[in-house]
Amino acid sequence: MGHTPLEFSECYLDSPVFRESLKGYEQELERTNKFIKDVIKDGNALISAIKGYSSAIQKFSQTLQSFQFDFIGDTMTDDEINIAESFREFADLLQEVEDEKMMMLQNADELLIKPLEAFRKDQIGLTKERKKKFDRDSEKFYSLLDKHLHLSSKKKEAQLQEADLQVDKEKQNFYESSLEYVYQIQEVQESKKFSLVEPVLAFLHCLFTSNSLTFELTQDFLPYKQQLQLSLQNTRNHFGSTREELEDLKKRMTDAPMICKLKGQSTIEGYLYSQEKRRDVLSLCTGALGLTWVKYYCRYEKEGKILGMTPVEQKPGSRQVSQELTLKSCTRRKSDTIDKRFCFDVETNERQGTITLQAPSEANRRLWLEAMDGKEPIYHSPITKRDEMELNEIGFRFVRKCINAVEATGISSEGIYRTVGSNIQVQKLLNAFFDVKCPGNVDLQTSDWDIKTITSALKFYLRNLSEPVMTYKLHRELVSAAKSENLDYRLGAIHCLVYRLPDNHREMLELIVRHLSRVCEHSKENLMSPSNMGVIFGPTLMRAQEDTVAAMMNIKFQNIVVELLIEHCNKTNIYRTHKIYS
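For the sequence shown, UniProt numbering assigns the number 1 to the initial residue and increments by one for each residue that follows.
Calculated directly from the structure, the hints in this document are not laboratory data.
Distance windows between CB atoms, simulated:
| id | residue 1 | residue 2 | range |
| --- | --- | --- | --- |
| 1 | 518 | 394 | 17 to 25 angstroms |
| 2 | 223 | 394 | 47 to 55 angstroms |
| 3 | 480 | 223 | 26 to 34 angstroms |
| 4 | 423 | 146 | 46 to 54 angstroms |
| 5 | 407 | 20 | 50 to 58 angstroms |
Just so you know, even glycine gets a beta-carbon here, dropped at the ideal spot from N, CA and C.
Can you make the complete structure from the sequences, with help from the hints?
Structure (structure tokens):
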């Protein structure tokens, strides 16, 4: 049974269920740590105890066979199953050579002991340090909270406010420690699949081929070794793409934890500073009306476009009341037009001119701009909004031109689609092609555009479609099909689901998959196999609608779907449909 994914949002709730799930990860971490120590101990015994070589081999093989991989999620991929069974396979091999006498190579310690020790000290050790910090901050926060709740309401307001600030500070420290700990413990759980197996695999290969093993045994081991190396590489590739998505989700959760609360809602509120003319007595007497920043608590209701502003600091000699303004427009302030950071301008029906507001951070400013449908300053901005990427006629024209350019001049380029182009050139190409005045008026087969720019622009277009090519609706069923243990059923189920795609989505999928198949036919030159392409285009053609750790853990199955479609694209007419944008 696999472990339940730990959602970053649960760090903020800190529920008993979350703590119990975390405890399961901690027990698994201790079990893995003990296993690594056993492997290291037994490996050293094998290297040093030549006279007792047979007994050491037996003990070592038993240690390997006793370990069973746990995994995150509800299903393992074929590669993960292969990896999970690898220690048993290693043990069987060791049993075959139990009576063989051989000497260890001098670098056996470098191959086995040091990598495992480094993983145990660097990764598991770091995780334990994060746990200690998490426990300390948890104890400190809840202890302070208990004391805080026992404070008398008769205390002075200043004392109460100071206590509130202290609790908020400790709460934030606790949340940050919790996020870091959850991220680290899940990373170790995932990365151990290859970090533990690869050193053992290298050690065994060296052991078998460098000593007096028979030629037949070496030949018998090679096919499994190659298959396992492929499984390890595939799992490492899946881990890399999943890790990038998790880091992005973790960063967004750290920068703006309230974003999960704002999803689907139309109201945002918080503190903002407003730039206003200074009107104190000295300024009025001298006639020098400077500028000052006034703190407001603001609330915006999107449905009625009502911006409420309540002053926080009452000025002496003035009566300030809450204001309700009707929003006309919202624009991000150019950084070179003001000496303050995080500013944006709003226009309202009730006030003449522009109101300049300052948010407490860049992330918070983005939330306000998003809630108010804010615009960029007036200059030619790069295409970044997903609503500008649609599966329409101009989109099909763009994809076909990119494919033609790649197949004409770059299909044999090493690392094609894996190597990224310059962001500036990619945005330049997208802006030129999707120009509203003359869309599609770009020749991609000129020297102005290199292959890396074209392939990166194509991936950008597909990844930023408002609806992914393989649709949100079928995402869960496609992932479920990829999890099937029966390869024939898996392939048949995926083909049936492809039939259910809307015609334009199926046409685009056929266009992309057949192109990727042709690219993979040149894998000897470009080093891009269907598995490599699956890692690149899995998150591009398939995308979960929700941003959760559980969804990120399924990226490896998205990769498998795309890999299977590429491998079998010429074996069945699954794409047969009326062409919409031929």
